[in-house]
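Asks: Sequence:
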Amino acid sequence: MNEFDSWFLSLTGTAAPPHEWQRALAASAIARNRLIRIPTGMGKTLGVFAAWSWHRVHLQNDAWPRRLVWCLPMRVLVEQTEQVISEALDRVGLLRAETQESGRAGKVGVHLLMGGADHGDDWSLFPEECAVLVGTQDMLLSRALNRGYGSGRAQWPREFGLFSHDSLWVMDEVQLMDVGLATSAQLQAFHDDDRTKGFRPRLTWWMSATLQPRWLESVDTRDHLPEWVSDACAMPADSLRTGIAGIPKRLAKAQIPPNAAADFAKRVLDEHVELADEGFGRITLVVCNTVQRACETFDAIQTLGRADGLELVHGRFRPHERADWRHRFLSREACVAGVDRIIVATQVVEAGVDISAGCVVTDLAPWPSLVQRFGRCARYGGTGHVVVVDRGRDESGSLPYEAIALEGAWRVVVQLDDVGIHRLETFENGLSRDEQDRLYPYSPAHLLLRRELDELFDTTADLTGADLDIGRFIRSGDDRDLQVFWLDVEKGKKGARPPAPLKERLPRRDELCPVQFLRARDWLCGKETKDQRKPRLRTGMRAWIWDFIDGDWVVAERNLITPGRIVCVTADSGGYRPARGFDPDSNEPVSVVPPPALPTSVERQIQADQSNDGEDLSASEWKTIACHASEVVETIKDIATRIDLQDDIQRVLLLAARWHDVGKAHPAFQGAIRLEGRPDRNDLAKAPARAWPPRPKTYRTADDRDIRPGLRHELASALAMFAVLSGTNPGIPPSSALG
Numbered sequence: 000m001n002e003f004d005s006w007f008l009s010l011t012g013t014a015a016p017p018h019e020w021q022r023a024l025a026a027s028a029i030a031r032n033r034l035i036r037i038p039t040g041m042g043k044t045l046g047v048f049a050a051w052s053w054h055r056v057h058l059q060n061d062a063w064p065r066r067l068v069w070c071l072p073m074r075v076l077v078e079q080t081e082q083v084i085s086e087a088l089d090r091v092g093l094l095r096a097e098t099q100e101s102g103r104a105g106k107v108g109v110h111l112l113m114g115g116a117d118h119g120d121d122w123s124l125f126p127e128e129c130a131v132l133v134g135t136q137d138m139l140l141s142r143a144l145n146r147g148y149g150s151g152r153a154q155w156p157r158e159f160g161l162f163s164h165d166s167l168w169v170m171d172e173v174q175l176m177d178v179g180l181a182t183s184a185q186l187q188a189f190h191d192d193d194r195t196k197g198f199r200p201r202l203t204w205w206m207s208a209t210l211q212p213r214w215l216e217s218v219d220t221r222d223h224l225p226e227w228v229s230d231a232c233a234m235p236a237d238s239l240r241t242g243i244a245g246i247p248k249r250l251a252k253a254q255i256p257p258n259a260a261a262d263f264a265k266r267v268l269d270e271h272v273e274l275a276d277e278g279f280g281r282i283t284l285v286v287c288n289t290v291q292r293a294c295e296t297f298d299a300i301q302t303l304g305r306a307d308g309l310e311l312v313h314g315r316f317r318p319h320e321r322a323d324w325r326h327r328f329l330s331r332e333a334c335v336a337g338v339d340r341i342i343v344a345t346q347v348v349e350a351g352v353d354i355s356a357g358c359v360v361t362d363l364a365p366w367p368s369l370v371q372r373f374g375r376c377a378r379y380g381g382t383g384h385v386v387v388v389d390r391g392r393d394e395s396g397s398l399p400y401e402a403i404a405l406e407g408a409w410r411v412v413v414q415l416d417d418v419g420i421h422r423l424e425t426f427e428n429g430l431s432r433d434e435q436d437r438l439y440p441y442s443p444a445h446l447l448l449r450r451e452l453d454e455l456f457d458t459t460a461d462l463t464g465a466d467l468d469i470g471r472f473i474r475s476g477d478d479r480d481l482q483v484f485w486l487d488v489e490k491g492k493k494g495a496r497p498p499a500p501l502k503e504r505l506p507r508r509d510e511l512c513p514v515q516f517l518r519a520r521d522w523l524c525g526k527e528t529k530d531q532r533k534p535r536l537r538t539g540m541r542a543w544i545w546d547f548i549d550g551d552w553v554v555a556e557r558n559l560i561t562p563g564r565i566v567c568v569t570a571d572s573g574g575y576r577p578a579r580g581f582d583p584d585s586n587e588p589v590s591v592v593p594p595p596a597l598p599t600s601v602e603r604q605i606q607a608d609q610s611n612d613g614e615d616l617s618a619s620e621w622k623t624i625a626c627h628a629s630e631v632v633e634t635i636k637d638i639a640t641r642i643d644l645q646d647d648i649q650r651v652l653l654l655a656a657r658w659h660d661v662g663k664a665h666p667a668f669q670g671a672i673r674l675e676g677r678p679d680r681n682d683l684a685k686a687p688a689r690a691w692p693p694r695p696k697t698y699r700t701a702d703d704r705d706i707r708p709g710l711r712h713e714l715a716s717a718l719a720m721f722a723v724l725s726g727t728n729p730g731i732p733p734s735s736a737l738g
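The opening position of the sequence shown corresponds to residue 0 in numbering that gives the first Met the number 0, with each subsequent residue numbered one higher.
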């Protein structure tokens with residue numbers, strides 16, 4: 000047994016040796032961009048993580064990036080992937096707890112990026128440490144575009160830098176990523192263009208059972224694509240004939256009208272009755288193309304008398320309700336002899352969900368999606384049975400897909416009677432290039448240009464407080480989400496202005512429910528018509544959106560309800576049921592998720608990042624600008640030593656550290672520190688929390704003659720340095736901003 004095999008077995012906690020493709024992926028000492036095309040059920044998650052952790056963590060190979068960025072198309076997949084990686088690290092004693100302060104060296108933190116303010120610590124404050132960052136394409140690509148969804152505006156540049164440097168991106172299940180796949184390829188091409196300017200590598204691995212190299216092709220990627228696709232990671236042909244890959248999966252076809260939920264439910268129950276328990280339970284997985292259809296199917300099965308062992312899974316639940324799904328029914332451990340279960344789901348189970356269903360009943364879907372759904376059948380062994388049901392291939396019946404994609408998939412389905420891995424590979428290998436292109440179409444609606452990426456370096460909001468919309472580069476059409484959480488907020492007295500949530504009350508991860516932003520608009524404000532606009536909240540509806548400029552909650556309006564925003568809704572407004580998820584027709588009061596307590600330091604970091612005038616990080620024991628600058632200098636020296644930072648870059652960073660808070664000497668900043676007994680000096684950088692005025696702060700001189708609303712000491716620092724430079728170098732013109 001070689002060293003990597005031993006490492007792999009330690010990570011997985013099993014006696015099963017790695018597959019040949021997993022060994023091959025870990026064989027190269029140099030990381031590079033590459034494609035990974037491995038059939039469903041063949042260990043992609045652990046194989047990829049084992050390769051990165053073997054080089055970066057175990058061998059401490061500095062040629063590999065420190066940060067592993069695991070990007071997934073859906074939220075349900077995020078928690079499961081995070082748990083798999085955390086458990087693997089824990090087995091080898093290298094998992095760092097989020098709250099661990101001492102003994103961090105050599106440990107690896109695993110962090111979920113799903114929005115919400117419940118970080119045990121801030122991973123971005125430790126750029127010298129290895130970390131695994133797991134999130135959806137919305138959360139991760141938005142950070143790569145300098146507009147982090149669910150993140151405070153002040154965090155955007157810091158996160159952008161760390162996601163764009165010393166990072167290995169794993170784009171997992173790319174067939175589900177829509178325009179996000181094209182954006183990932185464009186970003187990597189732009190970074191490859193600038194490779195000589197970077198200090199550390201930024202790489203991408205694209206991964207899927209149905210990955211097609213041409214999906215990554217564009218004018219900007221064309222020069223890089225040959226390198227990316229060379230020596231793609233795939234399974235040897237002979238290994239596809241045996242083991243799991245050789246399991247036959249009998250295929251049946253049916254046609255049921257889209258509005259015939261009862262007929263569809265009866266077919267599901269008929270198939271389930273015939274299912275045998277082959278050691279992994281009697282499990283039937285039903286995959287519907289829309290949340291509405293999944294809910295209708297769930298209801299119809301209950302109406303037909305099946306209630307026990309029936310589960311509903313879709314992407315419009317809060318993490319609080321999703322927390323026990325993996326333990327109860329969405330894991331290998333839940334697929335055991337004696338189980339009798341029907342799971343009704345949407346596309347969220349197409350990828351990253353490790354279950355084995357003896358029977359899969361699925362709506363007709365585009366071929367790449369069907370291949371993923373077939374992969375949930377007989378995943379561990381036994382025999383499999385799949386039923387593909389045509390619910391309509393016209394424009395309305397095919398939603399959310401295009402009718403042409405379903406037509407192409409149906410032409411293939413009717414030719415097959417077995418959809419096992421080996422049979423599918425044999426079938427596809429016999430197709431011509433044109434036939435493969437028709438089977439795996441990809442034409443992104445938007446393509447990120449270099450000019451557009453460069454424009455995103457400016458994070459300033461426009462005069463209305465709105466930001467440049469990056470949603471079109473993450474998901475296309477209307478399939479873009481915001482996040483909603485519910486709070487108990489008093490109604491207030493009649494005739495008086497209704498109270499808003501406390502400005503200190505920011506949402507935690509477990510509270511946030513993803514909602515398609517157009518549905519959220521219609522739910523909160525009512526449906527608009529061509530002749531009747533509804534710009535404000537419906538009568539009786541109370542909701543707010545966070546305003547970065549004012550550092551407070553403002554009443555939601557239709558034009559503010561945009562992708563990536565977080566909306567606070569009163570619990571008595573309804574809109575959610577724990578057993579059904581987001582439900583705009585529900586008027587039942589929503590149960591509020593109690594927020595966890597956070598360390599004071601974390602609370603201050605969060606509050607500081609959430610508002611334009613947040614000085615929460617300046618709340619500390621008394622410190623002068625020089626004292627604090629010296630502390631920052633020492634921290635930078637320590638980090639620079641650990642990452643072997645180049646001398647010229649170190650010098651620039653140390654200079655920035657000494658100057659970064661000079662602007663706090665501005666009279667309006669010093670005048671904001673008002674506490675009896677404050678030190679009699681005008682170079683204070685830190686002061687106790689009670690010395691600061693409440694938000695929104697008004698910066699003013701001590702005599703109240705000069706008021707500076709919106710003052711940022713960082714800008715004052717930059718202008719102070721500019722003044723020094725212009726005074727010593729005649730080539731630099733003086734700035735009118737200094738007057």
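Some hints here could point you the wrong way.
Stated by the list, open to error - Restricting the straight-line Cα-Cα distance to at most 30 Å, the calculated cross-link-like pairs of lysine-lysine (DSSO-like) are:
{"id": "1", "residue 1": "K622", "residue 2": "K526"}
{"id": "2", "residue 1": "K685", "residue 2": "K636"}
{"id": "3", "residue 1": "K502", "residue 2": "K636"}
{"id": "4", "residue 1": "K492", "residue 2": "K502"}
{"id": "5", "residue 1": "K265", "residue 2": "K502"}
{"id": "6", "residue 1": "K529", "residue 2": "K492"}
{"id": "7", "residue 1": "K252", "residue 2": "K265"}
{"id": "8", "residue 1": "K252", "residue 2": "K196"}
{"id": "9", "residue 1": "K526", "residue 2": "K493"}
{"id": "10", "residue 1": "K533", "residue 2": "K493"}
{"id": "11", "residue 1": "K533", "residue 2": "K502"}
{"id": "12", "residue 1": "K502", "residue 2": "K490"}
{"id": "13", "residue 1": "K526", "residue 2": "K106"}
{"id": "14", "residue 1": "K493", "residue 2": "K529"}
{"id": "15", "residue 1": "K636", "residue 2": "K196"}
{"id": "16", "residue 1": "K636", "residue 2": "K622"}
Said to hold, decoys possible - Cβ-Cβ distance ranges computed for the label pairs, FRET-style:
{"id": "17", "residue 1": "G429", "residue 2": "K196", "range": "21 to 27 Å"}
{"id": "18", "residue 1": "I642", "residue 2": "D679", "range": "39 to 45 Å"}
{"id": "19", "residue 1": "V553", "residue 2": "Q59", "range": "33 to 39 Å"}
{"id": "20", "residue 1": "V553", "residue 2": "D487", "range": "18 to 24 Å"}
{"id": "21", "residue 1": "L303", "residue 2": "E556", "range": "25 to 31 Å"}
{"id": "22", "residue 1": "V631", "residue 2": "V591", "range": "48 to 54 Å"}
{"id": "23", "residue 1": "P708", "residue 2": "E620", "range": "33 to 39 Å"}
{"id": "24", "residue 1": "A655", "residue 2": "L467", "range": "40 to 46 Å"}
{"id": "25", "residue 1": "D637", "residue 2": "K196", "range": "22 to 28 Å"}
{"id": "26", "residue 1": "G12", "residue 2": "P399", "range": "34 to 40 Å"}
{"id": "27", "residue 1": "K196", "residue 2": "V554", "range": "43 to 49 Å"}
{"id": "28", "residue 1": "A62", "residue 2": "K196", "range": "54 to 60 Å"}
{"id": "29", "residue 1": "T425", "residue 2": "K636", "range": "58 to 64 Å"}
Hints listed in this document are in silico derivations from the structure and should not be mistaken for laboratory results. What you are looking at is a predicted structure, and each value in this text was computed from that prediction instead of being measured. Glycine included, C-beta positions come from ideal geometry on N, C-alpha and C.
Asks: Could you run down the list of hints and mark each one as holding or not?
Replies: Status of each hint after checking the structure:
1. K622 x K526: Not satisfied, since the Cα-Cα distance of roughly 55 Å exceeds 30 Å.
2. K685 x K636: 22 Å, holds
3. K502 x K636: 37 Å, violated
4. K492 x K502: 20 Å, holds
5. K265 x K502: With a Cα-Cα distance of about 51 Å, the restraint between K265 and K502 is violated, given a limit of 30 Å.
6. K529 x K492: 36 Å, violated
7. K252 x K265: 15 Å, holds
8. K252 x K196: 55 Å, violated
9. K526 x K493: Distance ~27 Å between K526 and K493 Cα, so the pair holds.
10. K533 x K493: 24 Å, holds
11. K533 x K502: 27 Å, holds
12. K502 x K490: 17 Å, holds
13. K526 x K106: 51 Å, violated
14. K493 x K529: 34 Å, violated
15. K636 x K196: 22 Å, holds
16. K636 x K622: 20 Å, holds
17. G429 x K196: 21 to 27 Å: The hint (21 to 27 Å, Cβ to Cβ) is violated, given that G429 and K196 are roughly 46 Å apart.
18. I642 x D679: 39 to 45 Å: Holds, at about 41 Å.
19. V553 x Q59: 33 to 39 Å: 49 Å, violated
20. V553 x D487: 18 to 24 Å: 19 Å, holds
21. L303 x E556: 25 to 31 Å: 44 Å, violated
22. V631 x V591: 48 to 54 Å: 40 Å, violated
23. P708 x E620: 33 to 39 Å: Hint violated: Cβ distance 28 Å, outside 33 to 39 Å.
24. A655 x L467: 40 to 46 Å: Once the Cβ atoms are compared, 27 Å apart, the range 40 to 46 Å for L467 and A655 is violated.
25. D637 x K196: 22 to 28 Å: 25 Å, holds
26. G12 x P399: 34 to 40 Å: With Cβ atoms ~39 Å apart, the hint holds.
27. K196 x V554: 43 to 49 Å: 45 Å, holds
28. A62 x K196: 54 to 60 Å: This hint is violated: roughly 18 Å between Cβ atoms.
29. T425 x K636: 58 to 64 Å: 60 Å, holds
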